[in-house]
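Residues per chain, in single letters:
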Amino acid sequence: MTTKLIGEKVQRVEDERLLRGLGQYADDLVPGALEAAVLRSPHAHARIVDIDVSGVLDIEGVHAVYTYDDLTGAMADPLPLLIPHPSLTQGRTQYALAKDEVRYVGEAIAFVVADNRYLAEDAVARIQVRFEHLPAVVGIDAAREASNAVHDDVPDNIAARFEQRVGDPASAIASAPHSLELDLHVERSASMPMEGRATVARWDNDTHRLQVWSSTQTSTGLRAAVAAKLGLDLAQVDVMTPDVGGGFGVKIVHPWPEEVLVPLAARTLGRPVKFTEDRREHFISSAHERGQDHHVQVGFDDDGRVLGLSVRFWHDHGAYTPYGLIVPIITSTQLLGPYKPGSYEVTFDSLYTNTVIVTPYRGAGRPQGVYVMERTMDAIAQRLGKDRTEVRAANFIQPDEFPYDHGMTFQDGRPLIYDSGDYPGLLTKLKDLVGWDDFESYRDNARAEGRRVGVGLACYVEGTGVGPYEGAHIQVETSGRVKVAIGLTSQGQGHQTAFAQIVAEELGVPFEDVELVSGDTRGMPYAVGTFASRAAVMSGSAVALTARMVREKALRIAAEALECSVDDLDINDGVIGVKGAPDSTIALGTVAVLSNPLRYAFDEASQAATQFSVGDPGKPPVAEDDEPGLEGRDFYSPERSTFAAGMHAVIVETDPETAEISILKYAVVHDCGTLINPMIVQGQIHGGVAQGVGGALYERMEYDESGQLVNASFMDFLMPYVTEVPTSIEIDHLETPSPLNPLGIKGAGEAGVIPSSALFASAIEDAEGFPITSMPISPSELFALRSTHEDRR
Amino acid sequence: MTNDTEELHDLRLVVNGTPYEISVPARRLLSDALRHDIGLTGTHVGCEHGVCGACTIRMDGKPIRSCLLFAVSAQGAEITTVEGLTRSDGELGPVQQAFKECHGLQCGFCTPGFLTTITAGLEENPRPTREEAVDMIAGNLCRCTGYQNIVDAVLRASEIADEQGGEVSA
Ligand code: FES
Ligand code: FES
Chain A
1 MTTKLIGEKV QRVEDERLLR GLGQYADDLV PGALEAAVLR SPHAHARIVD
51 IDVSGVLDIE GVHAVYTYDD LTGAMADPLP LLIPHPSLTQ GRTQYALAKD
101 EVRYVGEAIA FVVADNRYLA EDAVARIQVR FEHLPAVVGI DAAREASNAV
151 HDDVPDNIAA RFEQRVGDPA SAIASAPHSL ELDLHVERSA SMPMEGRATV
201 ARWDNDTHRL QVWSSTQTST GLRAAVAAKL GLDLAQVDVM TPDVGGGFGV
251 KIVHPWPEEV LVPLAARTLG RPVKFTEDRR EHFISSAHER GQDHHVQVGF
301 DDDGRVLGLS VRFWHDHGAY TPYGLIVPII TSTQLLGPYK PGSYEVTFDS
351 LYTNTVIVTP YRGAGRPQGV YVMERTMDAI AQRLGKDRTE VRAANFIQPD
401 EFPYDHGMTF QDGRPLIYDS GDYPGLLTKL KDLVGWDDFE SYRDNARAEG
451 RRVGVGLACY VEGTGVGPYE GAHIQVETSG RVKVAIGLTS QGQGHQTAFA
501 QIVAEELGVP FEDVELVSGD TRGMPYAVGT FASRAAVMSG SAVALTARMV
551 REKALRIAAE ALECSVDDLD INDGVIGVKG APDSTIALGT VAVLSNPLRY
601 AFDEASQAAT QFSVGDPGKP PVAEDDEPGL EGRDFYSPER STFAAGMHAV
651 IVETDPETAE ISILKYAVVH DCGTLINPMI VQGQIHGGVA QGVGGALYER
701 MEYDESGQLV NASFMDFLMP YVTEVPTSIE IDHLETPSPL NPLGIKGAGE
751 AGVIPSSALF ASAIEDAEGF PITSMPISPS ELFALRSTHE DRR
Chain B
1001 MTNDTEELHD LRLVVNGTPY EISVPARRLL SDALRHDIGL TGTHVGCEHG
1051 VCGACTIRMD GKPIRSCLLF AVSAQGAEIT TVEGLTRSDG ELGPVQQAFK
1101 ECHGLQCGFC TPGFLTTITA GLEENPRPTR EEAVDMIAGN LCRCTGYQNI
1151 VDAVLRASEI ADEQGGEVSA
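First to last, the sequence lines map onto chains A and B.
Going by my numbering, the letters in the first sequence line up with residues 1 to 793, in that order.
Going by my numbering, the letters in the second sequence line up with residues 1001 to 1170, in that order.
Errors might be hidden in some of the hints.
With the Cβ distance kept under 7 Å, some of the chain A side facing chain B (calculated, not the full set) [said to hold, decoys possible]:
1. M194
2. G245
3. Q491
Within a straight-line C-alpha distance of at most 27 Å, the following computed DSS-like cross-link-like pairs (lysine-lysine) qualify [unchecked claim]:
4. A:K579 <-> A:K4
5. A:K9 <-> B:K1062
6. A:K429 <-> A:K340
7. B:K1100 <-> A:K483
8. A:K483 <-> A:K9
9. B:K1100 <-> A:K4
10. A:K619 <-> A:K431
11. A:K665 <-> A:K429
12. A:K4 <-> A:K553
Distance ranges between label pairs, derived from CB positions [what the hints assert, rightly or not]:
13. A:N572 <-> B:R1130: 38 to 48 Å
14. A:E604 <-> B:S1088: 28 to 38 Å
15. A:P621 <-> B:S1088: 48 to 58 Å
16. A:E639 <-> B:G1166: 54 to 64 Å
17. A:E16 <-> B:V1014: 22 to 32 Å
Calculated directly from the structure, the hints in this document are not laboratory data.
Built from N, CA and C at the ideal position, the CB exists for glycine as well.
Here chain A stands alone, though its shape is the one from the complex (with noise of 0.2 Å):
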């Protein structure tokens, strides 16, 4: 090996380009395309009984206008339905443009196409459109309530039932010394990347060929769409995405309504097209995610053991299910964290309401289920009188009892087991970080000084590295750089250096030689995409395991050439030497020409490889079972998910008049299994921290009773600016790595943001002595809730 680089702080290599203002997002591509602009439902719900486009033609620098009735083909059919479950009887999904009925604010009416975005939008607002209203369903209460409907077949609103229960929970609830019910609400939310979502195509008429830009999380996913969408062969369409603002799930959504659009009108028109959403657009038109109520009962022993538990819950996913039941399956089996409760039940309702659809936002559904249970935790130690971490303690899964199987199924459709940890472990680090035994001392000081503060603590275990599989391509040119593709698409995970840091290690190159691209389908067509916390697993591990094939192909080559066995042979900084015989080397360019038996010498590398001769003369050039080229292709596909798991607390203090809450101490300790490198890892915790802090203090969708989303702008969705983060965050590591993949990584992408509602409602509810039990929290809600429980005091 060379040097040592996987669990380095290696500084980014696609910063530099980033710095200077040479990101390559969508927007930024194929200059003096023509763009687009939609026309959106102005209503939550209504009948279009007409739609008059006349005279839109006719403004100067519009090509073209769309309605639903231009459509043909599959074009004309549902989007897809990406996830089906057999428990979603009743899934629906959107048209690219409405038909006859609209179902949320912000529904694609009519797609315009002018020689800018200005134009476009000129010509959308000359579109006459004739409603018929119909009545709106807002809210989990609206949509269980089912005094109307979001669909006519659908009078319940129930697109799903489901349900999973291990062992009798009702039965163990019942005979438990003590039980609790508690009812638990959490709002909606947005991933809200910096950059919106925006696709460019060109057509290409003369190769017949579709190139599609996107600022999506999954190229290949998009691709797919598209050639099914357009009826096009997989082989004609390219789907490229060089840099993305942010994710954090939205983007994983695919297709968009504009992003079968944009490549339908390129075609049609044979120019290139754009479309790039504006920020109210984005909220009123992308998806959302978070809201769900909550209803558990629980039963526990003197202890605080849990014997018995039991959820039932309700999910808003929105006017469609585009990506089935994904969310509230993560809410319904993570919420499981690092405890086992003697029994346990589960039954959740998906509900349609007319609202914008609800798609998967780091974290995934976790951050309810956390709050869930760790709700549940702290009202339980609450009851007993007991210290809250030591009821933690008393339910955890122990060391010596992984892998630990919960009996149930996770959202890959595979057994709910987990793969490694240490809970107790993580709980003795974040009691230090954060100083919980000095708490009570700390307390009464501030009490003295008139101050009200409060600690809290939330632990989680997020499922991460979902498969099927990821793949990766690993090229060593006869310059001896090595180029490498992943199908992968990066929002900013620094994908470039990680992936060249295991490349490096592994392949015994220099970093500075490693060059990665990703998310473009013509390097790697074969890809799910990053959300789940899963890059860093399946592509890591998909990259290692393709170094160590190419690897091996190197070496059995260098052999040859140096007449010597496999195993005296070792690469270091891209030259391969036999051990002990320094002057006995053959560099990795070389070999790569002599991978390769066409043998022109177009350059120095090739002219060197001339004094070697390999292959047996009495057999043909490329041996049966071989290919030319140093190069590799690998996937890794694992059996199951691997499962991180780590504990948050915070220190708060509430001011006593206006019930402002301010953040004085945020410790984190996590357990990824192996670091890839941790300066990427810190940043993901301090950004999921961010968005976390935001979550249970700050942001949320306000709908009026119609449908209107009422805060669909920056000034008004409030999210943290560095004024509302913590100053500073306490982070330690354990790492128990997992036995699943070849590097035991375990995935850190949306850690940070799941614990932070039953976190900061823990710290909160002890600081004011009274329970919490709908998030997020603002000051005035504070303030209310304290005149409430001071009147019945």
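For this one, chain A is given, so just place chain B with the ligands on it according to the hints.
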């Protein structure tokens, strides 16, 4: 309004030291003019309503939000965009260098706005305290980094500029 009724206005801007002459409708935003008429796509648009700061450029030295200004109102102005922060020898400027060292960016979309904001901020206050560094970036949104490393980068940029003789802009 249709295209033929849309009157074009001739406009001269000096961007990163280079003069540009463009013709734009009165309603063309400065951010769009820079990105699409001049082709400097480093300036990003995150909200188009003045809140996120991604589109921040320097106009006659002051940091301004280019999404809140019509291009025509920048007639004759001296503008610096992120592309103009790199030093004349091609090396990264102090703020860019500090972002790289401190891992102050992830997706990089908000980054140009931070870089221009901080460059202007450090010219005004070359040796900020941590609190002053926080104030300096308090009007810009980043959805990825959680800001801690950006605050570190402000402080580091001040050090680098100092090491390099005090010049924070290129
Ligand atoms: S794009 Fe100008 S402030 Fe957000
Ligand atoms: S780095 Fe992605 S928004 Fe700041």
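Between K579 of chain A and K4 of chain A, is the straight-line Cα distance small enough, at 27 Å or below? holds (19 Å)
Holds or violated: K1100 of chain B and K483 of chain A, Cα atoms, limit 27 Å. Measuring from Cα to Cα gives roughly 23 Å; hence the hint holds.
With chain B as the partner, please determine if Q491 of chain A meets the hint condition of a C-beta pair closer than 7 Å. This interface hint holds because 5 Å falls under the 7 Å limit.
Keeping to a limit of 27 Å between CA atoms, is the pair of K1100 of chain B and K4 of chain A held or broken? holds (22 Å)
Against the range 54 to 64 Å, how does the distance between the Cβ atoms of E639 of chain A and G1166 of chain B compare: consistent or not? Since the Cβ atoms of E639 of chain A and G1166 of chain B sit about 59 Å apart, the hinted range of 54 to 64 Å holds.
Starting from K483 of chain A, check that the Cα of K9 of chain A is at most 27 Å away, please. holds (22 Å)
Once the shortest beta carbon distance from M194 of chain A to chain B is found, is it less than 7 Å? With a minimum Cβ separation of about 4 Å from chain B (threshold 7 Å), the hint on M194 of chain A holds.
Given the hinted pair K665 of chain A and K429 of chain A, is their alpha-carbon gap at most 27 Å? holds (15 Å)
What's the verdict on K429 of chain A and K340 of chain A, does the C-alpha distance respect the 27 Å limit or exceed it? Holds, at about 21 Å.
Could you tell me whether the CB distance from P621 of chain A to S1088 of chain B stays inside 48 to 58 Å? With Cβ atoms ~53 Å apart, the hint holds.
Quickly compare the C-alpha distance for K4 of chain A and K553 of chain A to 27 Å and report which way the hint goes. Holds - the C-alpha atoms of K553 of chain A and K4 of chain A are around 22 Å apart, at most 27 Å.
Just to be sure I understand the hint, the distance between the Cβ atoms of E16 of chain A and V1014 of chain B should be within 22 to 32 Å; is that true here? holds (26 Å)
Going down the numbered hints, you'll see the structure goes against 5 and 10, while the others check out.
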